[in-house]
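Residue numbers (my numbering), protein chains in the order written: chain A, 1 to 296; chain B, 1001 to 1314.
Because the hints were derived from the structure by calculation, they are not lab data. Quick caveat: nothing in here was measured; it's all calculated off a predicted structure. Note that the Cβ used here is the ideal one computed from N, Cα and C, for glycine as well. Incorrect hints may appear among the rest.
Covered by chain B, according to a simulated footprint, are these stretches of chain A (three or more residues, beta-carbon under 8 angstroms) [what the hints assert, rightly or not]:
id, segment
1, 41–52
2, 60–71
3, 79–93
4, 157–166
5, 181–192
6, 216–227
In silico contact screen, one side only, chain A against chain B (beta carbon under 10 angstroms); selected entries [what the hints assert, rightly or not]:
id, residue
7, Val14
8, Leu26
9, Ile127
10, Tyr147
Computed beta-carbon distance windows for the label pairs [stated by the list, open to error]:
id, chain 1, residue 1, chain 2, residue 2, range
11, A, Gly200, B, Ala1024, 31 to 37 angstroms
12, A, Ser243, B, Arg1027, 38 to 44 angstroms
13, A, Asn125, B, Leu1234, 44 to 50 angstroms
14, A, Asn125, B, Ser1174, 21 to 27 angstroms
15, A, Gln161, B, Glu1263, 29 to 35 angstroms
16, A, Thr256, B, Ser1174, 44 to 50 angstroms
17, B, Leu1220, A, Pro217, 44 to 50 angstroms
18, B, Arg1312, A, Val126, 22 to 28 angstroms
19, A, Leu30, B, Leu1240, 30 to 36 angstroms
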Amino acid sequence: MTNAAHSGATRTLVSPVRLAQPRGRLLYRLVLALVLLVTTIAFVGPLYWMATGGFKSSQELVRTPPTLFPTHPATHAFTEAWSRLGMGGLLLNTVVYAGGALLFQLLFDVAAAYALSKLRPVLGNVILGMMLASMMIPAAALVIPQYLTVLDLPLVHWNLQDTPWVIWLPTVANAFNIFLLKRFFDSIPNELLDAAAIDGAGPLRVLWSVVLPLSRPILGVVSIFGVVAVWKDFLWPLITVPSHETLNVGVNTAATSMPENSLIAGLFLASIPTIALFLVFQRNIMAGLTAGGLKG
Amino acid sequence: MAVTLTRGPSRVDAAGAGPHDRFAALRRSLVRNLRAHAFLIGALLCFVLFTWYPMIREIVMSFQRVHYGETQWVGLANYRQITADPEFWTAWRNTLEFTGIALFFGFAAPFVAAIVINEFRHAQGYLRVLVYLPVMLPPVAGILLFKYFMDPGYGLFNQILHAVHLPTSSWLASKSTAMPSLVLVSTWGNMGSATLVYLAALQGIPGELYEAAELDGANLLQRIWHVTVPQTRLILSLMLMLQVVATMQMFTESFVLTGGGPEGSTTTVVYLLYNYAFNYDKFNTAAALGVIMLLVLGCFSALYLWLERRGREE
């Protein structure tokens, strides 16, 4: 890699001229190698230990010095983890929670953002302001009244505890989603919508066949982060769905009563779905993180 | 500016201004508004039920108590009870300690990582994926993993420290090291997202600025201080605020790893709130603690907004 290879790219902190000199090139390679080594150990190391730990026996797990490879690889820790944790049930619960949350978020947040951006009803800006203000509220501080509210929903007096609704509905009250979606919808020219309206399309039709097809990138971002948020949540599912636990909560509940190698195997199994999701949707996730940033 | 999604000719009629036409225009605007609010209603109801109503309810119930199924107004009794509990002050001290250490590491580490990664012409994609991997784990899986690494006896960390002849640590088992250990776990698990946000911000810095600074004789650190930091100031301050608000709500790490111990040294404010509600069955006192939390973090957010506005005006 010489100067010529990246002369087109914007320069960064270190000047390309400096990098092209023999000393600079050597230093660059040294730093690169060091950083690669350290970050690989720091971030893949624990995951590697987790992935191989399930194949070891409990005695081997606590051996000093630790073994790099399992000496007698066995899979029974995985089958034991699966049955002891009730992994199938936990996984199913979590998928149902995450899937439903995703559906309700897409349905209600998209509709709301569309109304606020394009239909602009009376008091729309006041409502938007109040929604955005709720981003400032620390979620954990409201957990007590939220919990009491879902135990006995106002007016209708339904108890939502241990039903999926208790996970699904609160995820809709996500100001950040509405903010992202509205900002994206704002960038869609009104002329496009007017043209469709003149052709006789009602607002729902315009949303469905003009706005949504244009909004695929932002819908992808909102969807992935919606699923991941439910998957990673701890305090709320801990108190609201105690008998139909999520993966994240269930692993912790069972942790104290399991042999160590089975627990490690269980942690590994529990990590596979989101890691797979990440490796598949890497690009969208990276794009989503910047969409949340302060551009525009 | 506002889009009228009614059919074409209607706007022309409205100018005709007969009493009948005016009525028709009014009706159209009413229909338009009702329709728009129909799109809003789902999200609006969820906000009312799960954010706005609970907020009011928390304030109201913090002044009440339930005696044999009967709700009574008790003034500031809940606030007196919670502030008289020595654990209240410990919990705030612990939380501030966690926030402080987490900011020092969790704020600096991603920024430094982003600056370094941004310099590389190779392996950028690999490094991005790497730092973000832990963010995608179910938090409990990552946290429990560290329980094994941090075991004072057979734990990997002490084995490594021992092998390179450094003093070993008792990690989670001792009062003085438990909180820093939790920061380590939390930073490992969360620094990926901040790193990627900073990386995106760094890539927006025009190269000419660095060139100009270099011509002026600025060395590496001076270039970071006079170009990189001011150019990313907005995103840095926003992330700082988000991080403070997030770390002030720390709960999972304590709950899973230490149970608030040893000797209450990792009991955070949210942990105490959870205990009051679900272990001591004192929901109203927990609500008072929630209100105090809202006030403290609300003041912090207001301070941030004020500083931010002042910074922008200058």
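Less than 10 angstroms between beta-carbons is the criterion; does Tyr147 of chain A satisfy it with respect to chain B? holds (7 angstroms)
Determine whether the Cβ-Cβ distance between Gln161 of chain A and Glu1263 of chain B falls within the hinted range of 29 to 35 angstroms. holds (34 angstroms)
Proposed interface contact between Val14 of chain A and chain B, which counts if any beta carbon pair is under 10 angstroms: holds (6 angstroms)
Do three or more residues of the segment 216–227 of chain A come closer than 8 angstroms to chain B, measuring C-beta to C-beta? With 0 residues in contact (Cβ-Cβ under 8 angstroms with chain B), the coverage given for the segment 216–227 of chain A is violated.
Range hint 21 to 27 angstroms: satisfied by the CB atoms of Asn125 of chain A and Ser1174 of chain B? Given range 21 to 27 angstroms: violated, Cβ gap about 54 angstroms.
Using C-beta distances, would you say chain B covers the segment 157–166 of chain A, given that this needs three or more residues below 8 angstroms? violated (count 0)
Quick one: see if chain B covers the segment 60–71 of chain A, three-plus residues with Cβ-Cβ under 8 angstroms. Contact hint for the segment 60–71 of chain A vs chain B: holds, 6 residues under 8 angstroms.
Taking 44 to 50 angstroms as the stated bounds, is the beta-carbon spacing between Thr256 of chain A and Ser1174 of chain B within them? 21 angstroms Cβ-Cβ, so the 44 to 50 angstroms window is violated.
For the segment 181–192 of chain A, count the residues whose Cβ lies under 8 angstroms from any Cβ of chain B; is that count three or more? violated (count 1)
Look at the Cβ atoms of Leu30 of chain A and Leu1240 of chain B and judge whether their distance stays inside 30 to 36 angstroms. holds (32 angstroms)
Do the beta carbons of Gly200 of chain A and Ala1024 of chain B sit within 31 to 37 angstroms of each other? Once the Cβ atoms are compared, 19 angstroms apart, the range 31 to 37 angstroms for Ala1024 of chain B and Gly200 of chain A is violated.
Ser243 of chain A versus Arg1027 of chain B beta-carbon gap, inside 38 to 44 angstroms or not: violated (52 angstroms)
The earlier numbered hints that this structure contradicts are 3, 4, 5, 6, 8, 11, 12, 13, 14, 16 and 17.
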